[in-house]
Amino acid sequence: MSSSDELYKEAIGAFGPALERLARGYEADAEMRRDLLQEIHIALWRSFSGFDGRCSLRTWVYRVAHNRAVSYVRTSRFRNERGIVNESEIETPAPREDRELELDRAQAQERLLSLIRQLPPLNRQIICLHLEGMDAASIAEIVGLSTSHVHTKVHRLKEALIEDVRKGKSHVR
Amino acid sequence: MSDERRPGTGPNLELRELWHSQQLEGKELSMEAIHGRVSTLERKIKIRNGIEYAGALVVLLSFGYQIFEGENVYVKVGALLITLATLLVVYFLRTRGSAADMPEELGRAASLDFYRASLERQRDLHQSVWYWYLLPFVPGVAVSLFGFAVRDGAILNQAAPIAERGDATDAASILMFVGFIAAVFFFVAALNKRRARKLQAELDALEEQ
Numbered sequence: 022m023s024s025s026d027e028l029y030k031e032a033i034g035a036f037g038p039a040l041e042r043l044a045r046g047y048e049a050d051a052e053m054r055r056d057l058l059q060e061i062h063i064a065l066w067r068s069f070s071g072f073d074g075r076c077s078l079r080t081w082v083y084r085v086a087h088n089r090a091v092s093y094v095r096t097s098r099f100r101n102e103r104g105i106v107n108e109s110e111i112e113t114p115a116p117r118e119d120r121e122l123e124l125d126r127a128q129a130q131e132r133l134l135s136l137i138r139q140l141p142p143l144n145r146q147i148i149c150l151h152l153e154g155m156d157a158a159s160i161a162e163i164v165g166l167s168t169s170h171v172h173t174k175v176h177r178l179k180e181a182l183i184e185d186v187r188k189g190k191s192h193v194r
Numbered sequence: 004m005s006d007e008r009r010p011g012t013g014p015n016l017e018l019r020e021l022w023h024s025q026q027l028e029g030k031e032l033s034m035e036a037i038h039g040r041v042s043t044l045e046r047k048i049k050i051r052n053g054i055e056y057a058g059a060l061v062v063l064l065s066f067g068y069q070i071f072e073g074e075n076v077y078v079k080v081g082a083l084l085i086t087l088a089t090l091l092v093v094y095f096l097r098t099r100g101s102a103a104d105m106p107e108e109l110g111r112a113a114s115l116d117f118y119r120a121s122l123e124r125q126r127d128l129h130q131s132v133w134y135w136y137l138l139p140f141v142p143g144v145a146v147s148l149f150g151f152a153v154r155d156g157a158i159l160n161q162a163a164p165i166a167e168r169g170d171a172t173d174a175a176s177i178l179m180f181v182g183f184i185a186a187v188f189f190f191v192a193a194l195n196k197r198r199a200r201k202l203q204a205e206l207d208a209l210e211e212q
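Same order as they appear, the protein sequences are chains H and X. Heads up, the first sequence is in my numbering, so the first residue is 22 and it goes up one at a time. Heads up, the second sequence is in my numbering, so the first residue is 4 and it goes up one at a time.
In isolation and in its complexed conformation, chain X is listed as follows (with noise of 0.2 Å):
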């Protein structure tokens, strides 16, 4: 037995002392709580899986429509890659579960490891929003974009002059879309990578300690 651990060596008794003689609830769960509640969370997961699914197939099938009922061939083909951009994020997605969907994970990592490799996995996904979330979506909308232009007379004149429909869309219009949209996407990009450099901090300090 070491210094540490002989009775009546001092402060570091005393602390385990404080330690041990916390009053516990001592309540413990019995095996068909734990059976019902692991239910639960499981249920849980594929509902949350099942969500975020269906939000997929909504993004996939008005897409999807639009690829053959498009108004023109530049709408066709950017609903199509929209529709390709929405599998990408949706595989990149599924391919990184968090660590609550692969339990004996906890068990297997040495703290350190686990602890560093979530902060890592998370930094990397938040450090690589562009290239995952944003910029696969790029091409579909500006290409969509082009084709409503087109669509609506804005460019290439290959419809109805725009003062001559009430519900067309002038460049103006769509210049300003444009702008809005680039404008979420570097709301977006920004704030991830506020966050990215948050996990960052996080793993200096780790690295520090």
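If we strip away everything but chain H, and leave its shape as in the complex, we get (with noise of 0.2 Å):
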């Protein structure tokens, strides 16, 4: 078995679950979505003939499949229809008649990741990765901005999803 071998299959022993989030945060489609977790293995695989050790094997993975998914987004021909937005412009879902009624667990999370696939690439990236359960440092060293930019978005992103999610379900405090 080969390095590559051996370091994927460590990754997705440790992150296989993380990545097909992260792909549901990026594509709305079942069957693109599997195309898309699969492009993330295969360039995953690939990468591991230049990892180095220069940073922990998750900050890798991370880079990898979220360079590679917004690479995914950019070129894909079946683009989220309603485009990119930024947290300012989440929308509001109408009001309806039976807003009484409370939306379902899976109504929820689907909401949740309609308002993230919503996002400009970077904030989608920094709220799944904080969503994951990630610090602040850990995600500035994925992206490439300083902790404390990264803590001012986490916290802008979460109050513009809590506050649309609640909308949309009322058990979501």
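Derived from the structure by calculation, the hints contain no laboratory data. Heads up, a few of these hints could be off.
To be verified - If you want the footprint, here are the derived chain X segments under chain H, 3+ residues with CB under 8 Å:
(1) 18–24
(2) 40–51
(3) 143–154
Claimed, not checked - So the derived label-pair ranges between C-beta atoms look like this:
(4) X:TYR68 <-> H:SER70: 29 to 35 Å
(5) H:ASP50 <-> X:THR98: 42 to 48 Å
(6) X:ILE48 <-> H:ALA158: 35 to 41 Å
(7) X:ASP207 <-> H:LEU78: 33 to 39 Å
(8) H:ALA158 <-> X:VAL61: 51 to 57 Å
(9) H:ALA158 <-> X:PRO142: 53 to 59 Å
Ideal placement from N, C-alpha and C gives every residue a C-beta, glycine not left out.
Hints are included, so try docking the two chains, each in its own frame, into the full complex.
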């Protein structure tokens, strides 16, 4: 087994589910999401021939995955029709007469993912990493911003998402 | 542990909970499948490169033939200039490989740098299309057209008068052809300029984030 194989296995063992969640943050269509995930896996395996240990395996994996995903989104002919927006421009759902009916968990998840997919690539990446549970310093290393900048962005993005998911799902506090 | 990550601290936890409780397919690719798909991808890259080279070779062969067999010195020089322009464009494209051809770059570069560099590279490519794609062909095309006009007697009166040659090209036809070529060049340039503007807008948006 080559060192690329070993690194790949280690990476997938540790971050496989995170990569699948990441793909959901970039692509809504299930079939295309599978393609994207496959492309990420292939890019990851190919990238390991150049892995020199200067950053952690986690940082490397997330960089490859997000960079590949952003390229995919930019070149995809089937982009999200609504395009990308700033966090301040995230749309609020129109009032519905049956608003009192709570959306179930799956709908809340879909709403969250839909909102994330409307964000510009960098913001999308930051919020995905934050939701994975990473701290601002780790996110900063992956995306290439200062820790304080990431912290500010996470705060703003989170506020916008919470506000909007709350409007669509009353039990989100 | 920060407040953000402490259990029971409100909306942030709920967002993370929503995020982590997504139903995943959990399908893993075997090592054999990964190797197979990498081979397929690399084969596709080779085929794509091969098609590019084959296209360039067709141009080189047809114009290379004209270098030696052209009807007059202008046609020969024009063919030589077009051959050189083709080589220049092929070299330009080959020295600017896409990120898909350099997988390790995906992991080395922080995302912001990678994204910015990728946008800048494409913007520059589109913005400078006159210099690396269109202008190099202008001298060759111009000299070749001049050579055809000379061959057909429309210019310099070296050959039989046009009226005496059924297959001849008159000055008006040549002018129309020059106009058509110029229109194609300007159309290609306008498309590229538009694309460059869009990429610049993306870059501006990136800097504002």
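Hint by hint, here is what the structure shows:
1. Beta-carbon proximity to chain H at under 8 Å applies to 6 residues in the stretch 18–24 of chain X; the threshold of 3 is reached and the given coverage holds.
2. Beta-carbon proximity to chain H at under 8 Å applies to 3 residues in the stretch 40–51 of chain X; the threshold of 3 is reached and the given coverage holds.
3. Evaluation of the coverage hint for the stretch 143–154 of chain X: breached, as 0 residues show C-beta separations to chain H shorter than 8 Å, against a requirement of three.
4. Between TYR68 of chain X and SER70 of chain H, the C-beta spacing of about 43 Å breaks the proposed range 29 to 35 Å.
5. The hinted window of 42 to 48 Å between ASP50 of chain H and THR98 of chain X is violated, with their beta carbons roughly 36 Å apart.
6. At about 37 Å, the CB distance of ILE48 of chain X to ALA158 of chain H agrees with the hint of 35 to 41 Å.
7. For the pair ASP207 of chain X and LEU78 of chain H, the beta carbons lie near 34 Å from each other, so the given range of 33 to 39 Å is met.
8. Distance hint check: the CB atoms of ALA158 of chain H and VAL61 of chain X are about 55 Å apart, consistent with the given range 51 to 57 Å.
9. Remark: the range hint 53 to 59 Å for ALA158 of chain H to PRO142 of chain X is upheld by a beta-carbon distance near 56 Å.
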